[in-house]
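Residue numbers (our numbering), protein chains in the order written: chain A, 2 to 139; chain B, 60 to 590.
Don't take every hint at face value.
Said to hold, decoys possible - Covered, in the sense of this in silico footprint (three residues per stretch, anywhere, with C-beta under 8 Å from a C-beta of chain A), are these stretches of chain B:
id: 1; segment: 111 to 122
id: 2; segment: 157 to 168
id: 3; segment: 197 to 210
id: 4; segment: 371 to 379
id: 5; segment: 509 to 515
Derived by calculation from the structure, the hints in this document are not laboratory data.
Glycine residues also receive a C-beta, built at the ideal position from the N, C-alpha and C atoms.
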Amino acid sequence: MSDHSVVRILIAKPGLDGHDRGAKVIARALRDAGFEVIYTGLHQTPEMIVEAAIQEDVDAIGVSIHSGAHNTHIPRIIQLLRERGAGDIPVFAGGIIPEEDIPFLKEQGVLEVFLPGTPLSKIVEFVKNEIKPRHLRG
Amino acid sequence: MSERKKVFTTLSWIPLKEHYSPEDVADLDYEKDLNAPGRFPFTRGIHSNMYRGRLWTMRQFSGFGTPEDTNRRYKYLLENGQTGLSMAFDMPTLMGVDSDSPLASGEVGKCGVAVDTLRDMEIIFDGIDMGAITTSMTINGPAAVLLALYVAAAEKQGVPYDCIGGTTQNDMLKEFIAQKSWIFPPEPSVKIVIDIVEFCTKHLPKWNTISISGYHIREAGATAVQELAFTLADGIEYVRQGIRRGLDVDEFAPRLSFFFDCHNNFFEEIAKFRAARRMWARIMKEKFGAKKERSMWLRFHTQTAGCTLTAQQPMNNIVRVTIQALAAVLGGTQSLHTNSMDETYALPTEEAVRVALRTQQILAEESGVADVVDPLGGSYFVEKLTSEMEEKAWQYIEKIENMGGMLAAIEDGYPQKEISDAAYKQQLEFERGERTIVGVNKYVIDEDRSIPILRIDPEVEKQQVARLNQVKRERNDTAVSRCLRSLRRAAEEDKNLIPYILDCVRNYVTEGEIIETLKEVYGAYTDPAYI
């Protein structure tokens, strides 16, 4: 594990759909707020996302999803992180996610779910308060 | 006198004056720049009497679940007097991936119907006379495969080619710019688009070959000016490629149509539609030397802007959709899809869809707005704004043409980055409170956000995979390999692929097998991931 001091976030886009407006806007906002941001690009499998998270040594993964397959892809990402010994990398999510699915996703280990219309400032605050560099965590 | 804002602008940041007057339109020449509806340059409408003759087509996009579900839905719609069907496919089908692929997991039947082989198409149209209906298929990367499947299903019903009617979206340029359902790199993608144009021009005279789409460009964050400019630049590229293929412009141009978004800024949207018509007519006549008026007509479908819907206070969306739909009608659209209020959550419920359709019916039959053609024509403001939109769009188009056309511009990432910048700028304005979204950053209430939503049964995926496996067991494997070998050779020899794909689908080759074979020749495109 490297010892970067700036929080490093992977913005991930699982699924086959092309709705990347939200992912890109969030990526820019986090970058402008001083975080290091890596964007996976579209059409990623959970395997590809977890591989990128480990390779890039990120401190958290923000998953943007609009295809309706959140209950399949997000738990899979968390499961794969655990299998690869990286279960301490927190996952947060946003996109078209019905409110009633949030309890299930949180049970699966998702740290936070942001619904459409969330101000960028709220997401930036969340990352500032909740995400610390992995190697500095107790 | 003090005003509410320091500057007033449209959503494309075009500055607005306090009021407009005759000098704003002094340089407009009525016959040259506007003319009567139905007369070149068609600024005021492509038909002389527009909705007094026939109302716009109310075409609600739908489709989900299994082919059987879709077949039942279509029969219901046809029994209720609808003659045009509109097919929505699920993401695996849109990306050329079979339902049994690991990539399809969790997505089968979710946002449209799953189609893997001819068997699915046969089921979708079982008991429906394919010679008596038209079908609009929202399909791009694998458009050639879905068109072939449709044609093969119609062949099995004994429908002659000149009775097969419908539309393929088949607009790959906007996929690279905005919608991102790409498969192959841009150049071979456009080659296949033109294969469809060529095949249909020669064999399927009633098929609308490309629906050149601004909708997705706008939804990805473009301004109205960018939507207008990039869409027309895409159109220019297709026409140029069609001519390069050896086709006569007046043979294929009448079968090109357009698809636009309709956003919140009421007058800007109306000006956009009017400017689009004038620009396309001039492009076709002056740049490409079209002779037929039909080649110069910008016929378009409109969908209200999905990105303006809010999850907060969803009932407010009904009002937004109404204003947007009114702008589309005043802008002279040929057909319209109105979004449902609950679409920020999931596919719409039946009740929400009904309200969306009723909105169109109220506009058409109660409001009186359909009774006079181009009622805003001659408004100092609307005419001035139409000219300003046009002028700014030409600047973009010239820049793109100087880069070598849209294919080259896409390779440079130019439209992609322009849209990304605009999307971010709009978001920052919203964050600073300079852009109001009612119920989101103003007039916010505490509310329960759990509203009734439509769920897709996970059984759909299992059923679809089971059917695919059955088709694979029953088909003739020798024929499958032979067809795929011929297809591969045709691609290597740069032949028109449609007849070869038709041969494949008639033998129950799957969509995924065709796409994978072509990927071996053309390669696969991956996201350059511009931020």
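Consistency of the hints with the structure:
no., hint, in the structure
1, 111 to 122, "violated (count 0)"
2, 157 to 168, "holds (count 6)"
3, 197 to 210, "violated (count 0)"
4, 371 to 379, "violated (count 1)"
5, 509 to 515, "holds (count 3)"
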